[in-house]
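Could you build the full structure based on these sequences and the hints that come with them?
Residue 1372 is where the sequence shown starts when you use our numbering, and the numbers rise one by one after that.
Hints were generated in silico from the structure; no laboratory data involved.
Don't take each hint at face value.
Computed cross-link-like contacts, DSS-like style, restricted to lysine-lysine with a CA-CA straight-line distance of at most 25 Å [as the list claims (entries may be wrong)]: (1) K1561 <-> K1398; (2) K1511 <-> K1610; (3) K1417 <-> K1596; (4) K1470 <-> K1417; (5) K1534 <-> K1511; (6) K1470 <-> K1596; (7) K1596 <-> K1610; (8) K1511 <-> K1561; (9) K1417 <-> K1610; (10) K1398 <-> K1470.
Derived CB-CB ranges, DEER-like [unchecked claim]: (11) Q1533 <-> G1444: 41 to 51 Å; (12) L1508 <-> R1545: 17 to 27 Å; (13) R1538 <-> G1601: 41 to 51 Å; (14) K1511 <-> R1402: 25 to 35 Å; (15) P1622 <-> E1441: 33 to 43 Å; (16) E1477 <-> G1601: 26 to 36 Å; (17) P1623 <-> E1377: 38 to 48 Å; (18) Q1440 <-> M1485: 37 to 47 Å; (19) H1416 <-> E1557: 32 to 42 Å; (20) A1568 <-> R1471: 32 to 42 Å; (21) E1377 <-> G1400: 30 to 40 Å; (22) P1526 <-> P1586: 36 to 46 Å; (23) M1485 <-> C1530: 14 to 24 Å.
Glycine included, every Cβ here is placed at the ideal spot set by N, Cα and C.
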Amino acid sequence: METADELRSLQLAELEILLEFQRVCEKLGLRYYLTAGTLLGAVRHKGFIPWDDDIDVAMPRRDYDRLVQEGPGLFDPRYIYQEYRTEPNFPYYFAKLRKRDTVVEEPILRAIQMEQGIYIDIFPLDRCPDGDRRATLLFKGIELLDCAVLARVSPEFACGYQKPYMRLLWGLLRRFPNRWLFALREGTRKLLGTGGARLCTAGGHHGYPREVYQPEWFRQTVALKFEGHGFPAPCGWEKLLENMYGDYMTPPPEEGRQGHFKE
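Printed below as a string of structure tokens:
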């Protein structure tokens, strides 16, 4: 658990990474938005939620894919862009931008052989199926495939599935090579998202239905202040936060105020 000074140092390092991310996105003309706890922090605190220790942004799929194609060579050498297409051991559906020569211990990732520095999370905004059943299948399918990759690259990862059929599926999938799992994950996204009118961040922390969005929430951007800097947010930020957190202006009880880097 971080001390107050350690937490603030971590937050300022993440802000530095966000500003580098913003620089490259502006250079390439890419769209992105503050989302999740970072968006909530901008609205409720004009900066970090006091106990938060990460930064989340989301990008439309077309912009997200352009970033992985054109962005890695544009980032300052002090930073490294990680995504499954750039890092063979990277397990997640989303990406991270890390600061080199820093150390942060995220328990679920610490045993993986890859760069482990301070980071921000970058989520693709994908099409979401219109029906609840197919949407749930999309979220569960991506989660299952993420867990299969984690089991292959991290000796410390333990499956948390309780239902026998989910444990069986996870046990079978973890035998596949990473490249097969990545292809299955992309195929799941393309198959289930085709024709959907809604948007989603299917690899996010909150899951279905809290990370399903109406497209009009993203048709325009508004500038919000975050730690003294202006960053783009979806025009429908109020509806997004209400969908994700409910009464988002009321902080959680003390026992719920913790970051990501805790055992």
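The hints, checked one at a time:
1. Only pairs whose Cα atoms come within 25 Å are accepted, and K1561 paired with K1398 is rejected, the gap being roughly 28 Å.
2. Proximity of K1511 to K1610 is assessed by CA-CA distance (about 24 Å); at most 25 Å being required, the pair is judged to hold.
3. With a C-alpha separation of about 6 Å, the suggested pair K1417 and K1596 falls inside the 25 Å cut-off, and the hint holds.
4. Between the alpha carbons of K1470 and K1417 the distance comes to roughly 24 Å, so the proposed pair stays at or under 25 Å and holds.
5. Between K1534 and K1511, the direct Cα distance comes to roughly 13 Å. Compliance with the 25 Å bound is thereby established for this hinted pair.
6. With a C-alpha separation of about 23 Å, the suggested pairing of K1470 with K1596 holds against the 25 Å cut-off.
7. Straight-line distance between C-alpha atoms of K1596 and K1610 comes to about 18 Å, which keeps the hinted pair within the 25 Å bound.
8. Using a Cα cut-off of 25 Å, the hinted pair K1511 and K1561 holds, with the two alpha carbons roughly 15 Å apart.
9. Between K1417 and K1610 the alpha-carbon distance is near 18 Å, which keeps this suggested pair within the 25 Å criterion.
10. Distance hint between K1398 and K1470 is fulfilled; the C-alpha atoms sit about 20 Å from each other, no more than 25 Å.
11. Our hint of 41 to 51 Å for Q1533 and G1444 holds, since their Cβ atoms are close to 44 Å apart.
12. In this structure the hint that L1508 and R1545 lie 17 to 27 Å apart at CB holds, the actual value being about 20 Å.
13. Taking 41 to 51 Å as the suggested C-beta distance range, the pair R1538 and G1601 conforms, at roughly 47 Å.
14. Between K1511 and R1402, the C-beta spacing of about 28 Å keeps the proposed range 25 to 35 Å intact.
15. Between P1622 and E1441 the C-beta distance comes to about 39 Å, which sits within the given range of 33 to 43 Å.
16. A hinted range of 26 to 36 Å for the beta carbons of E1477 and G1601 is consistent with their spacing of about 29 Å.
17. P1623 and E1377 have their C-beta atoms about 21 Å apart, which leaves the hinted 38 to 48 Å range violated.
18. Between Q1440 and M1485, the C-beta spacing of about 20 Å breaks the proposed range 37 to 47 Å.
19. H1416 and E1557 have their C-beta atoms about 36 Å apart, which keeps the hinted 32 to 42 Å range intact.
20. Between A1568 and R1471 the beta carbon distance is about 41 Å. The supplied range of 32 to 42 Å therefore holds.
21. The given range of 30 to 40 Å is respected by E1377 and G1400, whose C-beta atoms sit roughly 37 Å from each other.
22. Range check, P1526 to P1586: Cβ separation about 41 Å, and the 36 to 46 Å hint holds.
23. Taken as a hint, the range 14 to 24 Å holds for the pair M1485 and C1530, whose Cβ atoms sit roughly 21 Å apart.
Comparing the model with each numbered hint stated earlier shows that hints 1, 17, 18 do not hold.
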